[in-house]
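Number of protein chains: 2
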Amino acid sequence: MGKILPLAAMEKILKKGSSDIRVSDPAKEALREYLEEKGIELAKAAAELSVHAGRKTIKAEDVKFAAKNK
Amino acid sequence: MGKILPLAAMEKILKKGSSDIRVSDPAKEALREYLEEKGIELAKAAAELSVHAGRKTIKAEDVKFAAKNK
Numbered sequence: 088m089g090k091i092l093p094l095a096a097m098e099k100i101l102k103k104g105s106s107d108i109r110v111s112d113p114a115k116e117a118l119r120e121y122l123e124e125k126g127i128e129l130a131k132a133a134a135e136l137s138v139h140a141g142r143k144t145i146k147a148e149d150v151k152f153a154a155k156n157k
Numbered sequence: 088m089g090k091i092l093p094l095a096a097m098e099k100i101l102k103k104g105s106s107d108i109r110v111s112d113p114a115k116e117a118l119r120e121y122l123e124e125k126g127i128e129l130a131k132a133a134a135e136l137s138v139h140a141g142r143k144t145i146k147a148e149d150v151k152f153a154a155k156n157k
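Read top to bottom, the protein sequences are chains B and X.
Quick note: our numbering has the first sequence finishing at residue 157, numbered continuously throughout.
Quick note: our numbering has the second sequence finishing at residue 157, numbered continuously throughout.
Just so you know, these hints were derived from the structure itself, not from any lab.
The structure displayed is predicted, hence computed values, not measured ones.
Worth double-checking, as some hints may not be accurate.
A pair counts as met if it fits within one copy or between any two copies, since identical chains are not told apart.
Unchecked claim - No more than 27 Å apart at the CA atoms, straight line, and that leaves these computed lysine-lysine pairs for DSSO-like:
| # | residue 1 | residue 2 |
| --- | --- | --- |
| 1 | 143 | 155 |
| 2 | 146 | 131 |
| 3 | 143 | 157 |
| 4 | 155 | 131 |
Take the sequences, apply the hints, and build the full model.
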């Protein structure tokens with residue numbers, strides 16, 4: 088995967104799982120991998136939806152439609 | 088949602104959907120919302136799994152187990 092998402096953000100998200108939890112560095116990397124995979128899946132669907140609607144630009148409605156129909 | 092993920096990263100991910108696509112700002116925000124929601128869901132499961140394993144630290148195996156069982 089592309090290492091697009093920052094690990095500091097992964098830590099913030101993982102700490103939202105419980106008020107009293109610590110987070111290992113490999114756990115942050117595993118979350119990054121998971122979220123990038125989910126994001127790219129959604130991006131492909133959103134891009135197809137925008138083309139389907141006769142556009143060359145992904146709009147919020149494409150992302151929301153793709154998310155709803157997952 | 089917490090606005091944890093940077094919008095520039097959302098743009099990079101959305102552009103992976105297709106080689107020839109543009110991306111609106113609200114689309115980036117919609118992807119951020121989707122991924123933060125997915126991430127927090129996973130973080131809750133991973134935190135429970137770490138406690139279940141007698142730990143106070145989320146490890147990569149917790150994140151991977153949670154992702155596999157989604």
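What hint numbers does the structure not satisfy? none
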